[in-house]
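In order, the protein sequence lines correspond to chains W and D.
The opening position of the first sequence corresponds to residue 2 in the working numbering, with each subsequent residue numbered one higher.
The opening position of the second sequence corresponds to residue 1217 in the working numbering, with each subsequent residue numbered one higher.
Treat the hints as calculated values from the structure; they're not laboratory data.
Mixed in with the good hints, there may be bad ones.
Residues on chain D that point at chain W, a partial pick, calculated with CB under 7 Å [said to hold, decoys possible]:
(1) Phe1234
(2) Ser1248
(3) Tyr1255
(4) Glu1258
(5) Gly1259
(6) Leu1260
(7) Lys1284
(8) Ala1302
(9) Val1326
(10) Ile1329
(11) Pro1330
Distance condition first, Cα-Cα at most 20 Å in a straight line; then the derived SDA-like pairs of lysine to any residue [stated by the list, open to error]:
(12) W/Lys42 - D/Lys1272
(13) W/Lys10 - D/Tyr1255
(14) D/Lys1268 - W/Lys42
(15) W/Lys10 - D/Gly1257
(16) W/Lys42 - D/Val1227
(17) D/Lys1272 - D/Tyr1255
Partial selection, computed: residues in chain D whose CB lies under 7 Å from chain W [unchecked claim]:
(18) Leu1262
(19) Lys1293
(20) Phe1320
Cβ coordinates follow ideal geometry from the N, Cα and C atoms, glycine included.
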Amino acid sequence: DTEVTQTPKHLVMGMTNKKSLKCEQHMGHRAMYWYKQKAKKPPELMFVYSYEKLSINESVPSRFSPECPNSSLLNLHLHALQPEDSALYLCASSQEEGIQGAESEAFFGQGTRLTVV
Amino acid sequence: GDSVTQMEGPVTLSEEAFLTINCTYTATGYPSLFWYVQYPGEGLQLLLKATKADDKGSNKGFEATYRKETTSFHLEKGSVQVSDSAVYFCALTGGFYGNNRLAFGKGNQVVVIP
């Protein structure tokens, strides 16, 4: 199983709503990532979890709150978002953070397309 | 820090044409290099990878060779199909100053016309 599964696939939310994005992998990977991707742009790193601890926060606004309940799951809690937060949110995993060589590959999910209205 | 440069602009070509997408990188140490593909409405899929100099990655008819002397990892395919229409991202990880993150190029949209 080399899949990273994200739910939901699409999400429309109002600016006062609270919602969560979910990501799951069963490859035994110990590093998990959230990326934000705007149309026709490369993904931008938001957060990195390594061994279930937050390793990197790329100065993301507090209206985005990540959570890693266990080694297979990663959540992104959303609250009071703005229309400019509308984007494709991608989850990824890799064997470990900082590993080099053949094991450094990151596996991406299909993404959640978020629209904030 | 580490960075990746891809040629500017979309690429439009006819079915069965030869495809080349240029990718050059700046990194110290021994980064691993990747090409990711993103089909319309989907996430990123790893297309191929190379983890040391002179390695050639290949998959689905696509090839790229890790050239340390020219710091390049150009993507090629001999005969493209309509189904190859997608956005292609060159990326690297593992350089000394990259903080262990994936550095992406800007991506190239490839449109294959029947």
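- Query: With a cut-off of 7 Å, does the beta carbon of D/Phe1320 approach a beta carbon of chain W closely enough for the hint to hold?
  - Reply: holds, 4 Å
- Query: Quick one, is the D/Lys1293 hint okay against chain W at 7 Å, beta carbons?
  - Reply: violated, 21 Å
- Message: Interface hint check: D/Tyr1255, Cβ to nearest Cβ on chain W, cutoff 7 Å. Holds or violated?
- Response: violated, 10 Å
- Item | Restraint check for D/Lys1268 with W/Lys42, where alpha carbons must lie at most 20 Å apart | violated, 27 Å
- Item | D/Val1326 as an interface hint toward chain W, with CB separation required under 7 Å | violated, 13 Å
- Message: A closest beta-carbon separation below 7 Å is what the hint needs, so does D/Leu1262 meet it against chain W?
- Response: holds, 6 Å
- Please work out if W/Lys10 and D/Tyr1255 have their alpha carbons no farther apart than 20 Å. Holds, at roughly 15 Å.
- Message: Is the interface hint satisfied for D/Lys1284? The criterion is a beta-carbon contact with chain W at less than 7 Å.
- Response: This hint is violated: D/Lys1284 lies away from chain W, its Cβ roughly 15 Å from the closest one there, beyond 7 Å.
- chain W contact restraint for D/Ser1248 - C-beta distance below 7 Å: holds, 5 Å
- Query: Once the shortest beta carbon distance from D/Leu1260 to chain W is found, is it less than 7 Å?
  - Reply: Holds, about 4 Å.
- Taking 20 Å as the top limit, are the C-alpha atoms of W/Lys10 and D/Gly1257 close enough? holds, 10 Å
- Task: Grab the minimum C-beta distance from D/Pro1330 to chain W and call the hint holds if it beats 7 Å, violated otherwise.
- Result: violated, 23 Å
In this structure, the earlier hints numbered 1, 3, 7, 8, 9, 10, 11, 12, 14, 17 and 19 are contradicted, and the remaining ones agree with it.
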